[in-house]
Each structure stands twice: as structure tokens, then as C-alpha cells.
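Enquirer: Work the whole structure out from these sequences, hints included.
Listed in order, the protein sequences are those of chains A and B. Taking the working numbering, the leading residue of the first sequence gets 1, the next gets one more, and so forth. Taking the working numbering, the leading residue of the second sequence gets 1001, the next gets one more, and so forth.
Don't read these hints as lab results, they were simulated from the structure. Built from N, CA and C at the ideal position, the CB exists for glycine as well. Misleading hints may appear alongside valid ones.
Stated by the list, open to error - Here are some of the chain B residues that sit facing chain A, going by a computed Cβ distance under 10 Å:
hint: 1; residue: P1024
hint: 2; residue: E1048
hint: 3; residue: L1065
hint: 4; residue: W1066
hint: 5; residue: I1090
hint: 6; residue: V1122
Unchecked claim - Quick list of in silico lysine-lysine cross-link-like pairs, DSS-like style, CA-CA up to 25 Å:
hint: 7; chain 1: A; residue 1: K95; chain 2: B; residue 2: K1093
hint: 8; chain 1: B; residue 1: K1095; chain 2: A; residue 2: K120
hint: 9; chain 1: A; residue 1: K93; chain 2: B; residue 2: K1120
hint: 10; chain 1: B; residue 1: K1093; chain 2: A; residue 2: K120
hint: 11; chain 1: B; residue 1: K1064; chain 2: A; residue 2: K93
Number of protein chains: 2
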Amino acid sequence: MSDPSEKVLENATPDVAKGDGPLPAIAQDAATGTILMMAYMNAESYAETLETGRAVYFSRSRSKLWRKGEESGNVQEVESIFLDCDLDTILLKVKQIGDAACHVGYQSCFFRQVTPEGLKVVGERVFDPDEVYGKK
Amino acid sequence: MSDPSEKVLENATPDVAKGDGPLPAIAQDAATGTILMMAYMNAESYAETLETGRAVYFSRSRSKLWRKGEESGNVQEVESIFLDCDLDTILLKVKQIGDAACHVGYQSCFFRQVTPEGLKVVGERVFDPDEVYGKK
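Expert: Given below as C-alpha cells:
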């Protein structure tokens, strides 16, 4: 059986390390498999993630590094990192400190389900964002 | 406790339905929690996914709908759909027919782990792509 993965195995880094645009990075709870959030990484944030063992993203709207949990304390300790077949999506398996990844206080950013009646909240609030970030 | 989700709850659709660019869509195995792949959806593919109950993506490189499994038979039956806090990422929980989502024959596209020694294949091949798609 030919193995198409052999060719790509020669590339030990995601495309982001070649200076391409920010790549999607999915954060999954390493223990439960829950998908916590999706954000973006550029070369600098990917390198800092590897170096520190904590998830560092790149905020496209603010054009700067986003050290996840810097303000809330809800950092993500990275247990393992995977790349997809095209080397253009990153998967982080993390330990989510504080039990909540989402800035509006839910464990997962995907706390709403699409139903025939519209969106339905299925996640439980873990914290009150007003208390964590202060009223803005 | 104020609920910032109330405001966004009024929007029953992801941004993609408003005609914005294709949005990332994560496919997760509904039974095991394994993240199978990440692709993109535009308004048309999202609508067809809702209508047919099968994952339909939008191929950005080919600029056309990509009915997952059309060629390989490895369709994804959608069990539930979730939207993230910003309404710009879609999560599909699916039943993956054929046990493999990745076109190179692995169950998950994330079959390679980043290690200090480079990328390491951690997934198992489920099928030989030459047999499924024919040699190209």
C-alpha cells in the first residue's frame, strides 16, 4: 500500500511556520473530548505555544498575540498537538484551567445547538463574565 | 446574572447564512468525540446540510460544493449542529459512514502528532485511497 502520508511527513511543521496566514486551531478538552473553541494561530503564536506549553492564539481582529487566559486566568495547558492532512489546521488537546474556555462564561464556545425552533442554549454557565472581566 | 448569549440568541443562523464568506466547520464523531476533519461551509452548503442531513462543504480551492463522500461513499450523517459564541464557526456532530473521514485513508485528518522529533503518524489507515479513488 502506498502511503501518501510519507511525503507530508517530511514537513515537520504546519504551513503557519512557513509564514503563511493564520491557521485555524481547534482546542479540544484532552480528558473529555469536548471541543472548547476554535481560534487562529500565526507562526509566532504557534512557536510560543510550543515553547511555553500554553495555548497562544493570534487575534485577527486585534492583530496581536492572544495569550489565552491572560486576563481570566483560564489558561489552556497543551497536552498534545496534531496537524491535519493538508498541514493547514491545528488541533490542540488541552487541559482547560477554570473549566471554561468561552469568554461569555461557558465551558465550550459551542454552547448553542441549531434546532428547528432556532438556537437553543445547551451548555451551562460556569462563570459570570462581568465578575471575571469587569463590567465594560 | 446578565446573559450575553441572549442577544446572539436572536440570531438563529450562523453568519454564513447572511452571505458572508465561507466559515470553518468542524466535524466531530458523535459517538466517540474524535475530531474527524475541518472544512468550510458557505450559505448554500449549510442550507443543503440542514435539508439533507448530510455534511456538505464548500471547497475553497475548487469554488464549488463538496458533498462529502460523494465519490468515496464515506458520507457524514449529521446528528446535531452547534454554533460558537461569535456565530462564525460551525460544529457538526456526525456519524461517519465507512469509518474514515480523511481522503488519505485515515479515520481522522488529524492523524499526525507534533513531537520533538517531528511529525509522527498516530492514526491507523482504514482504507487505501488508490483503491477508493483510483490511481491518479
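Enquirer: Confirm or reject each hint.
Expert: Cross-check of the supplied hints:
no. : hint               : verdict
1   : P1024              : holds (5 Å)
2   : E1048              : violated (14 Å)
3   : L1065              : violated (19 Å)
4   : W1066              : violated (14 Å)
5   : I1090              : holds (9 Å)
6   : V1122              : holds (8 Å)
7   : K95(A) - K1093(B)  : holds (22 Å)
8   : K1095(B) - K120(A) : holds (22 Å)
9   : K93(A) - K1120(B)  : holds (16 Å)
10  : K1093(B) - K120(A) : holds (16 Å)
11  : K1064(B) - K93(A)  : violated (32 Å)
Violated hints, listed in ascending order, are 2, 3, 4 and 11; each of the other numbered hints is respected by the structure.
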